[in-house]
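Novice: So that you can map any letter, position 380 of the sequence shown is 380 in full-length UniProt numbering, and since no number is skipped, the others follow by simple counting.
These aren't lab readings, by the way, just hints derived from the structure by calculation. Keep in mind it's a predicted model, so treat the numbers as computed, not measured. It cannot be assumed that every hint is accurate.
[As the list claims (entries may be wrong)] Ranges between beta-carbon positions, derived for each pair:
(1) Glu762 <-> Arg341: 27 to 37 Å
(2) Gly716 <-> Pro588: 45 to 55 Å
(3) Glu392 <-> Pro567: 46 to 56 Å
All residues carry an ideal CB built from backbone N, CA and C; glycine is no exception.
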Amino acid sequence: MLPLREVLTALLCCFLCPLPGAWAGAVPPQTINAGAGPVPSSGNPWAQSQPQLPRAPNVVLILLDDVGFGAASSFGGPARTVAMDRLAAEGLRYNQFHTTGICSPTRAALLTGRNHHRVGFGTVSGFERPAPGYHGLWNPATATVARVLHKAGYATAAFGKWHNTPNWELGPAGPFDRWPTGLGFDYFYGFQGGQASQFETPLYRNTTPIEAPRTAQAGYHFTTDIVDDAIGWIHTQQAYAPDRPYFLYMAPGATHAPLQVPKEWVDKYRGRFDQGWDRLREETFARQKKLGIIPANARLTPRPEGLPAWDSLSPEARRLHAREAEVYAAFLAHTDYEMGRLIQQVRAAPGGENTLVMYIVGDNGASAEGGLTGSDNDMAEFFLMAPPAALETRLARMDDLGSVARDNHVPVAWAWAFNTPFQWTKQVASHLGGTRNPIVISWPARIKDRGGLRSQFVHVNDVVPTLYELLGLAAPAQVDGVAQEPMDGVSFAYSFVDPKAKSAPRRQYFETLGNRAIYADGWMASARHGLPWALFSRKEDFDRDAWELYNLNQDFSQSHDLAAQYPEKLQQMKALFEQEAAANQVLPLGLGTGQSNQAPYWFRNSKHFSFHPDLPRMPSLAAPSLLRSHRISAAVDMPVQGGDGVLLANGGRFGGYVLYVQDRHLVYENNFMGTRSERLVSATAIPAGPVRLDYRYQRSNPGLWGGGQGQLSINGEVVAELPLPRVGPPAMDGSFDIGQDRGSTVSAAYPGSFPFGGRLLEVNIDLE
Numbered sequence: 001m002l003p004l005r006e007v008l009t010a011l012l013c014c015f016l017c018p019l020p021g022a023w024a025g026a027v028p029p030q031t032i033n034a035g036a037g038p039v040p041s042s043g044n045p046w047a048q049s050q051p052q053l054p055r056a057p058n059v060v061l062i063l064l065d066d067v068g069f070g071a072a073s074s075f076g077g078p079a080r081t082v083a084m085d086r087l088a089a090e091g092l093r094y095n096q097f098h099t100t101g102i103c104s105p106t107r108a109a110l111l112t113g114r115n116h117h118r119v120g121f122g123t124v125s126g127f128e129r130p131a132p133g134y135h136g137l138w139n140p141a142t143a144t145v146a147r148v149l150h151k152a153g154y155a156t157a158a159f160g161k162w163h164n165t166p167n168w169e170l171g172p173a174g175p176f177d178r179w180p181t182g183l184g185f186d187y188f189y190g191f192q193g194g195q196a197s198q199f200e201t202p203l204y205r206n207t208t209p210i211e212a213p214r215t216a217q218a219g220y221h222f223t224t225d226i227v228d229d230a231i232g233w234i235h236t237q238q239a240y241a242p243d244r245p246y247f248l249y250m251a252p253g254a255t256h257a258p259l260q261v262p263k264e265w266v267d268k269y270r271g272r273f274d275q276g277w278d279r280l281r282e283e284t285f286a287r288q289k290k291l292g293i294i295p296a297n298a299r300l301t302p303r304p305e306g307l308p309a310w311d312s313l314s315p316e317a318r319r320l321h322a323r324e325a326e327v328y329a330a331f332l333a334h335t336d337y338e339m340g341r342l343i344q345q346v347r348a349a350p351g352g353e354n355t356l357v358m359y360i361v362g363d364n365g366a367s368a369e370g371g372l373t374g375s376d377n378d379m380a381e382f383f384l385m386a387p388p389a390a391l392e393t394r395l396a397r398m399d400d401l402g403s404v405a406r407d408n409h410v411p412v413a414w415a416w417a418f419n420t421p422f423q424w425t426k427q428v429a430s431h432l433g434g435t436r437n438p439i440v441i442s443w444p445a446r447i448k449d450r451g452g453l454r455s456q457f458v459h460v461n462d463v464v465p466t467l468y469e470l471l472g473l474a475a476p477a478q479v480d481g482v483a484q485e486p487m488d489g490v491s492f493a494y495s496f497v498d499p500k501a502k503s504a505p506r507r508q509y510f511e512t513l514g515n516r517a518i519y520a521d522g523w524m525a526s527a528r529h530g531l532p533w534a535l536f537s538r539k540e541d542f543d544r545d546a547w548e549l550y551n552l553n554q555d556f557s558q559s560h561d562l563a564a565q566y567p568e569k570l571q572q573m574k575a576l577f578e579q580e581a582a583a584n585q586v587l588p589l590g591l592g593t594g595q596s597n598q599a600p601y602w603f604r605n606s607k608h609f610s611f612h613p614d615l616p617r618m619p620s621l622a623a624p625s626l627l628r629s630h631r632i633s634a635a636v637d638m639p640v641q642g643g644d645g646v647l648l649a650n651g652g653r654f655g656g657y658v659l660y661v662q663d664r665h666l667v668y669e670n671n672f673m674g675t676r677s678e679r680l681v682s683a684t685a686i687p688a689g690p691v692r693l694d695y696r697y698q699r700s701n702p703g704l705w706g707g708g709q710g711q712l713s714i715n716g717e718v719v720a721e722l723p724l725p726r727v728g729p730p731a732m733d734g735s736f737d738i739g740q741d742r743g744s745t746v747s748a749a750y751p752g753s754f755p756f757g758g759r760l761l762e763v764n765i766d767l768e
């Protein structure tokens, strides 16, 4: 009789060899014991705690941000994506892969295999509502692929942007169960939130805030950093667990605003966009047909009403907008170069040929959030806190675009051009410009159709079911004792071996921000709700939205509306959307278009807060709001000489406030979204010894960003007063700091983090 250990090893090998059923016949799926119960008393508990996965492939899942279908050269676009081209030459390109149309929802669907509303992400993190489908709390009945693969024996890691944790759980006290490391990833290195400076990134390692390994001035860039860290992580796995497969999720912040990239990359594209967005679409469309990326009968959709023709612009405006596009293309090319470094390391390592790489080119289409004229202060203008700067002002600082000094974004018309040949942009889940993104898949050990093209309908929620089939795993019925909801996605592994296979029969709804569509076996009904560059002007009059009907089997680019020709078919599709929306917690529409004032922030019911100088960095979004009347009081012990430095700071160069000491004088600076700044400076110097330093703000203007009166005092004596016309929120990617100003600094008046040089006892905030 064989020893029990050898029998178990043989069985594990039979069940876990990566032979997908689409190729090797019916492979019995592995049933994963995903924490459903205790380890049995019999057998070797050590062996059961370390599953063996002979010949299981590594998996690298790459997700870019805000990249349109027609942006990358691999799909006919103007940005040279060498790594993507190389990967496509050794694998497959898909031209009918779909996302949800916006950030957090796509990521939730990608990592679970479920529709985004069922995971709790009907909208982006930061816009949650206390309603099913929109709460942003990651439904535990929809476990991530990282959790499942970890239970099956994989090492798991996430790098880059993570935009799926509620803002109120981003503080240093947690809870952390909805951070990447609480959702199945052994390791996380990146940033939280929807966007961040690429040069002054607020980094986390697992759940601990850390500072970047070098400054922007010393050459730091986020994409390069996360690839370096990912390569180091792979090397660690190879050194200490060479037989353990890994799952690596790489999600850079590119090409989401701010569009920031080293200048030498931007210079490579100088003059490449002088022809303008209308001509670029025509050029991209022609390249797509030449490459065979789109069918010969595909039609180029017209420019939407409201977008200006390039020829209607002044020469000065054309010069500015051409530079904005140069920065975007450079950002994408630089990102692809860094992804190429990662892929090269993956392939060169032992088992590199048996590594499945999925390269998803965007979590949605290119973004219209730069507005009609583009922006070099994106958040201030997007949230209507400031109008776009005058053309003359923007031209004068045009060379700063792409640098740490600018929060820049492209105009809508460039986004539309980067989404060639489709209509519309990110947010518009009703149309393919918002939802159809490229994907490139390579697995040299298994995929032998090198350079192949696939045109099956695929949705982002199909990725996880596909991985499970390829790895020989069954989706678990329970994970950590929680019964799991069934998969919404379907495996597309069948397409790896049969390029002509018909798309799997399916229906798939789309909905973000009230834009909605329903797909069923080649037909799509679509209803756009509002304009993507005017998000906050939308009304919830959904019954007035016009529905369109398309036969995508014959109309690749969604160019010919058949609603008038087939009214009965349209009514059938609309009814199907209502059915799917009800089943997936989409209704009522409109819940994802605004922010709730009921979010359970830790400071919600408090008016007094006390902080000590050993406080770790906290995201600005997780700190108490000081838009109301308040007092900041710092207890310090000033030395006889020196004592300069920051007492409290919240935000960064694109908005915030800071209380600090400079040249022995108390200073308060109000930075309104990087558009204007007011400084209060004490008339007298701060004495040595124990001192109380106060700032008081009395709000007098009830408007949204209304201002009031600022006042400084030393030991109770008023030493400065100044009206503050506008007081706004801190920068989205800023930090709340005590005793220094980490990362992007609120003020340019001091060097670096400017740590306080005296003894800071505590800082108190009192809300009135």
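Novice: Look at each hint and say if it fits the structure.
Specialist: Comparing the hints with the structure gives:
In this structure the supplied range 27 to 37 Å is violated for glutamate 762 paired with arginine 341, their Cβ-Cβ distance being about 46 Å. Look at glycine 716 against proline 588: about 54 Å separates their beta carbons, and that is inside 45 to 55 Å. Under the hint 46 to 56 Å, the C-beta atoms of glutamate 392 and proline 567, about 52 Å apart, fit the expected range.
In this structure, the one hint that does not hold is number 1.
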